[in-house]
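Participant: Each position in the sequence shown, counted from 1, maps to that position plus 12 in the working numbering.
FYI, nobody ran anything at the bench for these hints, they're computed from the structure.
Keep in mind the model is a prediction, meaning the values are calculated, not measured.
Just to be clear, a hint being listed does not mean it is correct.
[Said to hold, decoys possible] With a cut-off of at most 30 Å between alpha-carbon atoms, the simulated DSS-like pairs for lysine-lysine come out as follows: (1) Lys-23 <-> Lys-35; (2) Lys-105 <-> Lys-35; (3) Lys-63 <-> Lys-105; (4) Lys-23 <-> Lys-92; (5) Lys-92 <-> Lys-42; (6) Lys-38 <-> Lys-101; (7) Lys-103 <-> Lys-42; (8) Lys-105 <-> Lys-23; (9) Lys-99 <-> Lys-42; (10) Lys-105 <-> Lys-92; (11) Lys-57 <-> Lys-105; (12) Lys-101 <-> Lys-35; (13) Lys-103 <-> Lys-92; (14) Lys-23 <-> Lys-99; (15) Lys-103 <-> Lys-57; (16) Lys-63 <-> Lys-23; (17) Lys-63 <-> Lys-99; (18) Lys-57 <-> Lys-35; (19) Lys-101 <-> Lys-57; (20) Lys-35 <-> Lys-63; (21) Lys-23 <-> Lys-101; (22) Lys-99 <-> Lys-57; (23) Lys-63 <-> Lys-42; (24) Lys-38 <-> Lys-63; (25) Lys-63 <-> Lys-103; (26) Lys-42 <-> Lys-57; (27) Lys-103 <-> Lys-23.
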Amino acid sequence: MQINIQGVGIKVTDALHDYVTDKFNKLERKGDVITSIAVTLTVEKLQQIAKADLSVAGGALHAESQDEDMYAAIDSLIDKVDRQLVKYKEKLKHD
């Protein structure tokens with residue numbers, strides 16, 4: 013699985029990079045449907061925005077989260093992606 017992390021208006025520090033990578037690697041352990049992930053971290057005034065575009069076997073998923081704290085935005089993003097992956101895997105089972 014390839015993870016691409018980009019910052020817009022924010023420098024992606026080693027700590028942020030490691031945090032995002034660790035969180036998405038934990039998601040990958042739940043299943044091997046993810047082929048690549050593009051994460052964009054953005055700062056707009058007081059809002060920290062985390063976006064993820066995932067390429068999965070047979071499709072794509074997108075999630076976005078906002079918070080005043082970047083780490084909280086990333087945590088919320090991971091929760092959203094996790095829920096989408098569960099739904100996606102259920103859909104694959106029924107097809």
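Participant: For a quick check of understanding: which of the numbered hints are violated here, in increasing order?
Facilitator: Checked against the structure, the hints that fail are numbers 8, 11, 14, 15, 19, 21, 22, 26, 27, while the rest are satisfied.
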